[in-house]
Amino acid sequence: MGAGPGPDSAVVRGESSVIEVDRLRKIYRVGSIEVAALRGVSLRIDEGEFVAIMGPSGSGKTTFMNILGCLDQPTEGSYSLDEVLVSEMDDTELARVRNRRIGFVFQTYNLLPRLNAAANVELPLIYRGVPRRTRRLLAVRALEAVGLKDRLHHKPSELSGGQQQRVAIARSLVTHPQIVLADEPTGNLDTKSGVEIMAIFQALNDSGITVVLVTHNADIAQYAKRIVRFRDGLIVADETLSSRTIAERDESLDALIAGLTEGTAEEVKAG
Amino acid sequence: MNLLEGVRTALSSITSNKMRSGLTMLGVIIGVAAVVIMVAIGEGANLQVSSQIERLGSNLLIVMPGRTREPGARTMGAFGSMDVLTMDEVQAIRDECPSVGAVAPEISRGTTVRYGSSSIQTQVVATTPEYLSVRAFTVASGSFFTEQDVLSAAKVAVVGQGVIDELFSGADPIGQELKVGQVRLRVVGVMGSKGQSGMTNVDDAIYVPITTAQKRILGTKYVRTIYAQAHDAKSMDAANDEIVSALAARLGSTDAFYVRNQADVLGAAQDVTRVFTLLLAGIASVSLLVGGIGVMNIMLVSVTERTREIGLRKALGARTVDILMQFLIESVVLSVVGGVIGIIVGSAGSRIAARVAGWPAAVSLGAVLLPFCFSLAVGLFFGIYPASRAGRLNPVEALRYE
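For the record, the sequence lines run as chains U and V.
For the first sequence, my numbering assigns the number 1 to the initial residue and increments by one for each residue that follows.
For the second sequence, my numbering assigns the number 272 to the initial residue and increments by one for each residue that follows.
Heads up, a few of these hints could be off.
Computed Cβ-Cβ distance ranges for the label pairs, DEER-style [unchecked claim]:
| # | chain 1 | residue 1 | chain 2 | residue 2 | range |
| --- | --- | --- | --- | --- | --- |
| 1 | U | 254 | V | 615 | 32 to 38 angstroms |
| 2 | V | 576 | U | 208 | 38 to 44 angstroms |
| 3 | U | 131 | V | 322 | 52 to 58 angstroms |
What the hints contain is simulated information worked out from the structure, not anything from laboratory work.
Backbone N, C-alpha and C define an ideal beta-carbon position, used for all residues, glycine too.
Bound-form chain V, shown alone (with noise of 0.2 angstroms):
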């Protein structure tokens, strides 16, 4: 008896038992759609964190102030000391570390911006020139503040998309004056959209040179953070080691201040997201499972009630291995039709999750594929054994079976 046949008779006999072989199958549609949706959602999870980590910038190095250097502890916006770091340290950087590229620094903080008589609540962010490069930011209209400007503690500002949308209404701001407690800024450029970037929407703030800050705005000569970009990839851990020894010497300990390595942050983000999709993974897993024992179930169930018929077959010529392959293929066929549906039913569940949680809908090929495989395997699994005893069945005794 060759596959086709076999996969006809087993077609015959499913569709024999419609009900029967529904409710076995929902078992494994619902395990794999669940394996299918709780995977996507995983991985959606894991894009939007990598997503935003990289759209960061690229090749960086972020030097913060701080005590403790343990990986994961502080990977954004948590402190120790603010007052560590000045522009001297940005210079510093600038002069010492011969693998490092362009470097900026950055305090940021949230406060109220008027324009006329309507007011948000916003970041301003100060910086430097090199913060566009730096963070691989864009600027859509007018242009960035100058050198010349943070010299001259300018009062002037760059405005985010998302500025404009809520305090202009979408009119052209270039040249308007904002005024951010009693200092008036003037507008001079609008910034490329880039969105949610690690915890801050990167659209929603304000860029302001950074002396202007310093001197107009917060009164303090010490900036939060100082990205580093190296060169390459390849130079990053040259310039991470240059930086530490850099500053080390400047500020007499490596722990007034920690340098966190981009790749480092990714890491560590993608570590618990593989670990969450795991899990996620990992319960779905059991509905596979136990939709599997509802297979071997059903297959010991369907060997007994066709015990005649087994004994009847083996008269007729059957060999114990078409026997065997007959309720294997049979076992299988329920468990890949039942897993294709439950993949279809996955996919779409997880678009609908995916658009919930307002994450990239993430059903990749081995999404769709490993739950195949598993479906199949549960099925030669779970048949394997019902197979077998079938086949085993003494034609004999089987033809004498009520």
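This is chain U alone, in the form it adopts within the complex (with noise of 0.2 angstroms):
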């Protein structure tokens, strides 16, 4: 099944599964039509992977998202979220799950317009619980680590593309999520903006985070560890990257993630 860890990634990061799914099928009745998108999907994704999931239009890749995302549910199979079945979780648990172990990051940004960034930034925060002031002050440094720390009171208008996908890169980093689930994060981005989005990504993903990402661009599947190729709501290959491409950081990048990901925990807890 191909589900083996990789070359750099890791037996260190020892064996335990984040991700475990086992032939899930989804289907969609529309009118008395039934479209299955996925059909039969198993898939094992371990800690601080770096996934890369492609596949044309219609192939059941962002079902496949949605259901990871715990935003949908499957028709069949079950999915295993740190080895808890999803299946089994109320509504509360799965809020609490996306509130907490996940980050979404989204192709067409969804900041909310009328907030600015550090406040688009603060939202999952609020559903944490956590005090204003301690808000205020995670969502600056995660602004900071994606490098908008001058753009704070900004409006998403006011914002290029490129920024406001930080935003909400930001956003999902600012719960110290254990995953980043990225859908076509670049899609609406230019080549340059997408290359800076990959180097933030490889960054968390060095930082000990696991991330999948959907893409349709080949080129952005290589900064990747590993690429799964769906079809027809099938997973018709699964490779794990030899030689992937590194996007050029800042060192700095990392010890802004580095000290976002120690002190959140510590700061969520005083708040």
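Join these two chains into a complex; the hints should help.
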């Protein structure tokens, strides 16, 4: 099943699977017609992996991501997150998983237009019950990590596409998730901005966060450690990259992200 | 997400669309203000009527000539045959009714009163000295006429404040002579001010001994009304029964007169004003209802407009109940802010309305708290459907919504 850890990801990080799906099927009913978006997908992703999911439109990759993100439920099959069956969680537990363990990055950024960058980044912390001052502190730190320290009070409409996506990444990071799920995060960006975004994802991954990324773009997929290809609701290929592309990044990025990771738990507890 | 956070989010969303929020609130403001004003008018009318009736005196039973005893049909001033009650009946009540304290007869008639070269149209009220205690009247200066004056049909009068102002231009009238018809009356006292009572202004009257009026002015032996005062509130029923049996025995029938209890009159009048208040409040509530529907309409639009936001919030960890609360709080904040403004507008409006109508302004705590709770309820009731619709949205579909 080719779910082995990549060469540098590692046995070091242990054999614990973060995500394990077994024979997932998802059937949409449109009127009387049934459309199978997933037709039996099994996959295991270990902690610290960086997986790119590729496939043409309608291959089921977005549906798959929604299920991984606990936003959608499969029609059949099982999904275990940290060896706990997601199908047995209720609404509150699912919300908690989405809030604390998973960070989402969307193709269209999905920032709230009436809130400034910092307030957008704070959103998930509100649902975590973090007090206001701590929230602001964590949001500023997350925005600093993605290089937007000087854009805290800008509304999304005052930011470029690449900057908006970095705000969205800061929002996904601010809760210090275990997994970041990104659905075509570079789809609306030019190549240069896209590479900057991938540099952040690689730095995140190096800090220990599991990254799963959906993309159309073969070049973007080369930044991952492993590529899983979908076609017609099935996995048709699963390869571990022996030589991946490394995006150039400033060393300070790692330090900032590391600082974010270390600080968060304490700050949240302190708050 | 705690309540404070919810209110903060709601306020930010409300202020982000000021025009729309303002217009939505206007519906609630008008509704609440209308309820406040209408209830205040109703209560003001009620107070006015009650105080007028209470000003008659306390623990009063009013005996009038008449053929019917239907409640409410003849509260004041409507008569059957005038020629039924005489001073003998007054005496009979005094003698035969142990539960009755003071008894006073009354005849009153509009007439022309002259002083020097000026004259006015006023009421001549003929009675006995007991009238003072029965009607709880006071004498401001001089004295009331005495039993002796009644026995001798003395040509004396006590004048009300209104008469002094009009006839004597405010000068001291004691010792002066008035003319009623051809009868000269010497002023011996001035009544304390009482104001409106029932249908008449008791200040605009002169008071004379009943015998003087019967013999010298009106030429009659009958009296129009007998006021009987029970010893206390508890003996009212007993006094009523005693008067009925005493008079029925003398007059041969219970149809020749009727006895009206002051509490009955008050109760009947209050029933009327209560219905009046309810009616007004009911009409005003319709506008509050319309305001509430406006809130619901805007909340439904808001939920649809913010479908993606809802999807996003769910993806970021909002529970169904968090989303539900967010929209519910928003709708409650809209209506409560509208309600508070409406109460302020309504209180100001009812003061103006009271001044125009000449009633006491009656903005009671209840008349403020009730619409406040009402607007809260409107926010909850009309917010719950849009909010639950928002809460139930499927995050995947909501995120895909364009």
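Each hint tested on the structure:
| no. | hint | verdict |
| --- | --- | --- |
| 1 | 254(U) to 615(V): 32 to 38 angstroms | violated, 59 angstroms |
| 2 | 576(V) to 208(U): 38 to 44 angstroms | holds, 39 angstroms |
| 3 | 131(U) to 322(V): 52 to 58 angstroms | holds, 57 angstroms |
The structure fails hint 1 only (numbered hints given earlier).
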